[in-house]
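**Student:** The residues making up each chain are set out below.
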Amino acid sequence: MQILTIVLQIAILLAIVLLHVAYATYFERKIIGHMQVRLGPMMVGYHGLLQPIADGIKSFFKEDIVPEQADRPLFLFAPVICLVTMLTSLAVIPFAKGWVLADINIGLLFIFAMSSLASYGVILAGWASNSKYTFLGGLRSMAQVISYELPLGLSLVGVMMLSGSLNLTTIVDSQGSSFSSMYLFPQLIGFFVFFVAMLAETNRVPFDLPEAETELVSGYITEYSGMRYALFFMAEYIGMMVMSSIGTICFLGGWNGPFEVPFFPPFWFILKVYGFLFLFIWIRATLPRYRYDQLMALGWKLLLPLALLNIFLTGLFKILVH
Amino acid sequence: MSGLYLPKEYLAILLFIVLGVGFGVVTLWIGQFFRMKRPYFEKLVAYESGNPPTDEPRMRFSVKFYLIAILFIVFDVEAIYLYSWALVYDKLGMFALVEMFIFIALLLVGYFYGWKKGALQWEK
Amino acid sequence: MTNKIIEKIQTAFPESITHYTEFRGEMTVEVNPTHWHDVALLLRDDEELEFNLLVDVYGTDRLKLPQSPRFAVNYELYSIPKNQFLRVIVATPDPAPSNSNTPLPEIQTVTDIWPTANWLERETYDLMGLNFSGHPYLHRIMMPDNWVGHPLRKDYPLGGEPVNFEHDRDHPRFAHLGKPVMVGPSFLTDLPPEMDTEKHMVVNFGPHHPATHGVLRLAVELDGEKIVRVSPETGYLHSGFEKTGENKRYEKFIPYCDRLDYLSPMNNNLAYVLTVEKLLEVDIPEHVQMVRVILAELQRIASHLAWLGTHVMDVSGMIHTLVMYTFQMRERILDLFEMVCGARMTTSYFSVGGLRWPLPGAFQDGVKSFLAELAGQLKDYHDMLTRNPVWLSRTQGIGYLPADTAIALGITGPMLRGAGVPLDLRKVRPYCGYDQFYFDVPTSTTADCYGRYLVRMEEMRQSMSIVEQAIAKLKPGPYRTADRKVALPPRPEISTSMESLIHHFKLVTEGYRPPVGQVYQVSENPKGWLGFGLISDGTAIPHRLRVRGPSFVNLQATDPMSRGGFIADLITNIGSIDIVLGEVDR
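Chains as they are written, first to last, in my numbering: chain H, 1 to 322; chain D, 1001 to 1124; chain U, 2001 to 2586.
What the hints contain is simulated information worked out from the structure, not anything from laboratory work. Keep in mind the model is a prediction, meaning the values are calculated, not measured. Careful: at least some of the hints might be erroneous.
Quick list of simulated restraints, FRET-style, between CB atoms [unchecked claim]: (1) D:1037 <-> U:2134: 51 to 61 angstroms; (2) H:43 <-> U:2335: 34 to 44 angstroms; (3) D:1093 <-> H:274: 36 to 46 angstroms; (4) U:2112 <-> H:282: 47 to 57 angstroms.
Ideal Cβ placement from N, Cα and C applies to all residues, glycine included.
Starting from the given sequences, assemble the full structure and let the hints guide the process.
**Tutor:** See the structure below:
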């Protein structure tokens, strides 16, 4: 019985998240469109509202091309790995007080673990496709993801020190509900490092080198088509949402807001997550892309020392306050 | 459940993984009954900007990638220590701070050595 | 000057000059093939000559002309310090026909003297069938490697010949399709011999690649992420403009010009029209010159706007906002063109001796309001990029091309000015009344992609200033020359004057017949020097039409610019060269 309840909860969560993913693409296209003085999707439904559905149906019916020279099992399974790892991260995210599937005490660690596993999907896709562009894209992606995982992890150590926990609900609770008690303010350096590393970890502009279309055509997903390609796409957007959620939980006070919204506690949480998504999109429309070596240098030479400095300052601060 | 400890939280995660895999696999599996299938030579050949591929793509790659991997392992282990340290920091106080910074300083020596040696520099 | 050149050559190598002519102010020296290499060295290195820029190399097939031997190679030289053009013609002796196949006529290469000759000689070899001995990599550049024959030769069949495709529809490769398919010529993927496929990865960028600006193929030898060598392969868009031009009347080639550099058709039209007018010696009314300048400069702005947008797109993602902004402004220019001639891209507005139609009345106000808007937009572009740290890190120090290398490679236009050489034909050799305007020639000493970016941004401002001045100077006047041998008479005159009717009839049915002679005219296009060469045999059809596409010559700089850089820099460099494949492949 208990299992059935969980399954039902998961199914509902999955449906909601996938709908959000679909509409995140719509959101992105509309926002970028208006930033560029054009309209974005307009034809399918009122103001293109059904466009994501149409895209989903289209990719579902598209031919699934498996290159002859590809490593077939790996090629077929790589997108699923990407998707599953990203999806599973959702299990530990508290959307509101008590709105969490698995309230485990190592929530943050679990999310790091899952996002590391996602890079397996990317590397396997690049390797299994057996084409030069995907191979280069896979290599790039591997190096990029592991380089930025360090600053990403270290940037949150300050938050862990302040809250004394890895449990995401506890982290939110320890921030309190007032605006000024958000960890954003004591952890400004940490937030900066986290934000930059988050962009790199999710392969977004200006760090979208694994799939830099003007260089590597489409990076590790070059050989994919149809639904398999769509799965990678979903994984990327879920990744964006998971990262935005962590940012919201660790720095922006989670579901707490100026007042409580009746019947829908996750209101502020979702608003904050969409704020992050908007930043992702805004940056995409504005910034040129870094070059590969510059990206690595930024991660290793700037963000890593900054994250360590942040830990040191936080430690010092805590000692002084006590 | 006959004394078997099964934390509800981890059960949820396990189920999530199963359902996630199920979602991916089932969508792809069902899709194959609907989607068109018309493969031919040009479609199945590896993409190389419209040219027949010139040689084997799986070549040996730059040693830089290995260096990055090694550096990553060093610092990732450090990060794991830092996590557990951060959680109990309140209880340990000043002692923990000094201790950890000796640990980090040792690592930083290696870090700056690597920097000087050009391990963080892509071009040499 | 003229005689000094002759004297210099004569004293150094007596009997090297076989013939000397001057036609329409152009000097032509015919040099003995045996002395050619030495003469070339002298021309480049002598302190009083200094012909450091080889503008063009092209062959002529004089099969139906009275001259012999049959083939000759034309070298168009320019001396930047002396501001002097010179044409050298080297006739290649006909080879003795051996038993089975005739060997190609042979001539010594000048690639070691002017490196830019590399591709130009390859093109001559490919299309005209002349063998350049000592050339480092004499290989077909336009036609597929397995092509038979040399299309620009006068005895090459004009259509109807069997086309040499690699596979026909019976090939087993297409069996699964079950129905006939169109099979394109398949290019061999052989690589230049110096590429090391054992040690490094060789990746093909293009022809189907998002960042090669069309169907360009770059074979890139990679060591990890770093570029060891780049070999651009062109010809995917080759459509034989020169051959087409040699079978059309002079006037009829104008619409083809639009398709050369399709981002700047007005400039192409202008360059071609000027060449024909030079050959015909037509006087152009003041009004026409002003209109031509306005449209050419607007086109330059449009071309630079398209460049800016696509360059930013290359450097960043496909979804960069600036692309949309610049293309929106470009649309405004295209709207103006549409108002003028009904076409947006393939304008064909200039005709020999004037304009095709008179300028519409609302044009001037349209231009003025556009310029006011563009000034604000340009500021926005600067705000978005000029001090953007990511943009700086991606362009500063990238694609370094110093002045001496650039000149040796025959680079012209913003590329050369970006290396600090203030060479602008509108300044040094004013044509079409450009001497009446005040404008600066922006240069940059950094010689990198950022410097070229600044140069082009400033050029847009200068062009705006020229357009403003020209609008102020624009007075109503005839839109065609009064020379009835070249331009059609006004419609009402035909009903009243018999002479006009005859002129009209002759022009429409036969066209004009320029005097026998050879001219070569270069103009400052947005991308560099666009050169048109015409050889007239006295008929209404040019005997030889030569197009020097600036993109084609500038593309040679890809390899020196990109070596040692990253893949990402290669894309930046290609964008910075600003190529249009229609012009590269012609």
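**Student:** Does each hint fit the structure? Answer for all of them.
**Tutor:** Here is how each hint holds up against the structure:
1. For the pair residue 1037 (chain D) and residue 2134 (chain U), the supplied restraint of 51 to 61 angstroms holds, since their beta-carbon distance comes to about 56 angstroms.
2. In this structure the hint that residue 43 (chain H) and residue 2335 (chain U) lie 34 to 44 angstroms apart at CB is violated, the actual value being about 25 angstroms.
3. Evaluation of the 36 to 46 angstroms hint for residue 1093 (chain D) and residue 274 (chain H) yields a pass: the beta carbon distance comes to about 40 angstroms.
4. For residue 2112 (chain U) and residue 282 (chain H), the hinted distance range of 47 to 57 angstroms is satisfied, since their beta carbons lie about 54 angstroms from each other.
Hint check: a violation occurs at hint 2 only; the rest are consistent with the structure.
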